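Trainee: For reference, the chains in residue letters:
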Amino acid sequence: MTSLPEPSAIKLGLVIDLDICVGCQACVVNCKEWNTSGYGAPLSDENAYGANPSGAWLNRVHAFEAGEGETAKTVHFPKSCLHCEEAPCVTVCPTGASFKRAEDGIVLVNEDWCIGCGLCAWSCPYGAREMDPAEGVMKKCTLCVDRIYNENLPEEDQVPACVRTCPTNARHFGDLGDPDSEVSLLVAARGGYDLMPEQGTRPVNKYLPPRPRRAVEDAPMSLVAMADAETPKGFWKWVDSTLEKLG
Amino acid sequence: MRPAFSIIFFTTSSGLGLGLAAWIVLGLMDFSSASQVVMTAIITLGLIGAGLLSSTFHLGHPERAWRALSQWRSSWLSREGVLAVAVMAGLTGWFAHVFLGGTPPIWTNFLLVALLVATVYATSMIYASLKTVARWHHPLTPVCYLMFAAAGGLLGVLWLLAITGQAVSEALLQATLLLLASAWGVKLVWWRLAGSAGSGSSVASATGLGSFGEVRSLMPPHTSENYLQHEMGFVVARRHAAKLRVIALGLGAALPLLLVGLLPASGAVMGVALASHVAGVMVERWLFFAEAKHVVSLYYGAAH
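In order, the protein sequence lines correspond to chains R and G. Following the numbering used here, the numbering of the first sequence begins with 350 at its first residue and continues without gaps. Following the numbering used here, the numbering of the second sequence begins with 2 at its first residue and continues without gaps.
Isolated chain G (complex conformation) (with noise of 0.2 Å):
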C-alpha cells in the first residue's frame, strides 16, 4: 500500500496526543499554576489535532470532511472521526474545568479514558477491518495501535515532568520502561505472525481458473501504471524492510529506554527521547502502509 505522508503523521502524532492525554486525565501530573495547564493542554490537543487536521490533506475533497461524521453505524473511519470529535470537546472540557481550578469528577475522568482508548481502537480498526490486506487483518493490529499511543504518551508525560521541574516516581520509570519494551514486543511479534499471513485468496481463486493449471499474467489491462498500482502495488519498503526494521527499533526502542533509564529527570534529554521514539513510531508507520500487499495484486502478477 502506498504510504501518504499525511496518514503516517496523523496515526504518528494523534495516537501520541490521545495517549499522553489519557495519562494526565488520570493524574500523572500535577499542576502547580495556569500556565502549566495551558501548556500541556495546546501540546495534547495540538498534537491531536494536527494529526486530524494532516489526515484530510490526503482527501480529494476536503472540504466535505464533515460527511465522515455521518455513518459511524458501519464504518470504522467514520467512527474514529465521531469519537475525535467527542475527544477533542471533552479534553477542551476538562483543561477548561482544571484552568479555572477544579477538580474533575472522578466519573468524567473515566469517561474520557474511555473516549481516548475507543478512539486510538477506531483508528487501528480502519486498517485492521480490512480483509484485503492480510497483514492488517489481524487481531493484533489494534494491540499495536494502543500499546504504541501508551507507551508514547507515557514517555511525553516523563517529558513534561522533566520541563516543569517535578519528581518523577521510581515506579512511573519503571513503567514507562516496561510498556516502551513491551510496545515494541508486540510490534515484533506482530511483524512475524501478521507478516506471514495470508490472504487466502491467490490467482487461481482470483480468476477462477486454476482448474486449468498454474495462472500467470500474460498482459496487464493499459499501457503504463494505474490508479490500484499506485495506491497498492507499492514495492520500496519491501526491498528494505529488514534494514529499516532495525533503524525503527533503534529510534523508537533502543535510545529513549537507555535515556529513559539514564538522564529522566533532565528536559532536554526527554525531549530527545520523545522525538526519537516518535522517529521510530513514524518509520514502522511507514512500514505498516508500505509493507502491505494487497489482494488486488493478484490480478497484476503477484505470486501470492
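Isolated chain R (complex conformation) (with noise of 0.2 Å):
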C-alpha cells in the first residue's frame, strides 16, 4: 500500500552532526558495502575502472562553503535518505512497491514489485533514491533494517552500517519519537533541524548546525605577520646583509 500509515509512535532515524563530519567517505563506503552484499539486488556499478565511473550509491558526502572570508565554513553534509512523515516518495508510487513501515517509520521499496517508473526519486527533494543501473528498480537507504533488529550481531553492530563506521562519531541512530531518547536529547540541546522543510515532507533524520566559530581576536598571530614581524638579529643579521650584498 502506498497511502501512508497512521504516524507511528516509534520514528526510527539518524541525527547528523555537521560540526564533526570531517567528509571522509567512511560512511559512505561501508554504506555500499552492507548493502551491496545483503537484501535484494546488489547495488551496481557502470564503468567502475573507467573515465567515468557510476552507480548507485544510497548514502553521499556533499562540501559546502558558507559565508565569506574569516567567519566562512567549510561543512561536509552527508545526505541519505530522510524516512520522512509525508513521504511523496511513498504516493506517488503506482505499484505499492514504495512504502513506510506502521511500527518505526521506515520507508523501503519492495524490489520484487518495483517497476522502475522512477517517479518515486522525482518526487523527492532530497535526491536520496538512486535507480540501479543494472537491476531497473529503485534503491534507497533501509536504516540498515538488516542489521538494527538482527541478533545474530552483536548489540554494538545493531546500528546502520554509516554510523557503525563513523570514525568521528558525527551520526547518530535511535528513536525520534521518543523525545526522551539520546538523539531526540540531543536534538533539543543542539537545535537540530529539518532539511527544505517548506517542501511539507516532516523528515525524521535531522541535522545538527556547526557550532559558531570561535571570535577572531582569540586566535594566535597570523604566521604571515609573525614572518614579517621579525628582523634578524646576530649571526643570522650577518647572513641576511652578506646575501642582500651577494644579489
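Worth flagging that the hints you see were computed from the coordinates, not collected in a lab. Note that the coordinates shown come from a computational prediction; the quantities given were computed from them, not determined experimentally. For every residue, glycine included, the Cβ atom is placed at its ideal position computed from N, Cα and C. Treat the hints loosely; a few may be bogus.
[Said to hold, decoys possible] If the Cβ cut is set under 8 Å, some of the chain G residues that face chain R in the computed set are:
#, residue
1, F58
2, H62
3, S71
4, L78
5, S202
6, L229
7, L252
[Said to hold, decoys possible] A short, non-exhaustive set of chain R residues, derived as facing chain G with CB atoms under 7 Å:
#, residue
8, S352
9, Y398
10, H411
11, A415
12, V424
13, L468
14, W471
15, S472
The two chains are supplied separately, each in an independent frame; assemble them into the complex guided by the hints.
Mentor: This is how it looks when you write it as C-alpha cells:
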C-alpha cells in the first residue's frame, strides 16, 4: 500500500552532526559495502574502472562553503534518505513497491514489485533515491533494517552501517519519536533542524548545525604576520646582509 | 528534467487520441459505412494504445507494469493507468456498438467523455502533483494538457471529415481555430507564469547553513555524473528555449491555423495541419521536461 500509514510512535532515524563530520566518506563506503552484499539486488556500478564511473549509492557526502572571509565555513554534508513522515516518494508510487513501515516509520522499496518508473526519485526533494543501473529497480537507504533488528550481530553492530563506521561519531541512530531518547535530547540541545522544511515532507532525520566559530581576536597571530614582524639579529643578521650584497 | 522520448511520445500520442475520441463520442462524425467505423476506431485506439505502450518503454521492469493499476488511492500515475484501461475498454465497446449499427445511449457517451477528460487530467497530474518541480506544480499545467488534447482532437476530426469527404460546418471550423489559438494562448501564459514560479526552496534551506552567509557547493559527492544529475540536471534545452518555443508555436499553432483557414476540405492539407500540430506539441512537451528544474539541483550548485 502506498498510502501513508498513521504516524507511528516509534520514528527511527539518523541525527547527523555537521560540526563533527570531516568528509572522510567512510560512511559512504560502508553503506555501499553492506547494502551491496545483503538483501535484494547488489548496488551495481557502471564503468567502475573507467574514466567516468557511475553507480547506485544510498548515501553521499557533499561539501559546501558558507559565508565569506575569516568566518567562512567548509561543511561536509552527508545526505541519505530522511525517512520523511509525509514521504512523497511513497504516495506517488503506482505499484505499492514504495512503502513506509507502520511500526517504525522506515521507508522501504519492495524490489520485487518495483517497475522502475523513477517517479519516486522525481518526487523526492533530497535526491535520496537512485535507480540501480543494472537491475532497473529503485534503491534507497533502508536504515539498515537488516542490521538494526538482527540479533545474530553483536549488540554494538545493531546500528546502521554508516553510524557504526563513522570514525568521528558524527552520525547517531535512534528513536526520534521518543522525546527522551539520546538522539532527541541531542536534537533539543543542539538545535537540530529539518532540510527543506518548506517542501512539507516532515523528515525524521535531523541535522545538527556547525557550532559558531570562536571570535577572531582569540586566535594566535597569523604566521604571515609573524614572519613579516621578525627582524634578524646576530649571525642571521650577518647572513641576511651578506646575501643582500651578493644579489 | 531529462526528456525521455518514450514519455514525450506517450503524452502527445495518447493526448491526441483521447481528445479525438471525445469529439467522436460527442457525435462530430457521421459514419456512412462500417469500414469508416473500423478505420476511425483503429486510428483513435491506435493513438491512445501506442502512447500507453510507449510509456512502458522507459520502465526498468515493463513486465511488471500491470502492478501500476493497484495504487489508485494515492498515486496519479496509477490513476492514469486505471482510467486509460477503462477508456480503452469503453471505447472499444462504443465502436463495436456503432459498427453493429446501434446508437449508443446518451448516458454512455457522457460517461465516456468524462472518462476521457479524467484520463488526460490524470496524465497531467502525474507532473503537476510534484512539488519538487516548481514549473510543473502549477494550476495551469492540467489546463494546458486538456486544451492540447481538445484542440489536437478537433483538428483530427477535421482531417477525418476531409478524408471521408464529409462536409465541415462553418461553426466547426471556427471552433477549431478558436480552440487551437486558445490552447497555445494558455501555453504562452503557462510559459510566463509557471516558468517563473519558484520552488520556495534555496540552497540555504536545503542545507540549513544560511545563517553562516551565502552557501556555495564546494565539492560534489562523486567524481562523475550520477543518476540524479543525469535524470534531473538536463540543461541542453534551457540554452535554446526561446528558439524552441518559436518552433513549437510555428509548427503547432501558426501553420495549422493557416491551413485550417485556407483549405479545410482537403484531406492532404488537413493531414499536414495535423502532423504539423503534433510536431509542435512534441517540441512543447520536450521543453516541458527539458526546461523543468528539480529542487535537488540545489545540492549540486544550482543558484535557485
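Trainee: Can you name, in rising order, the numbers of the hints this structure does not satisfy?
Mentor: Numbers 1, 7, 9, in rising order.
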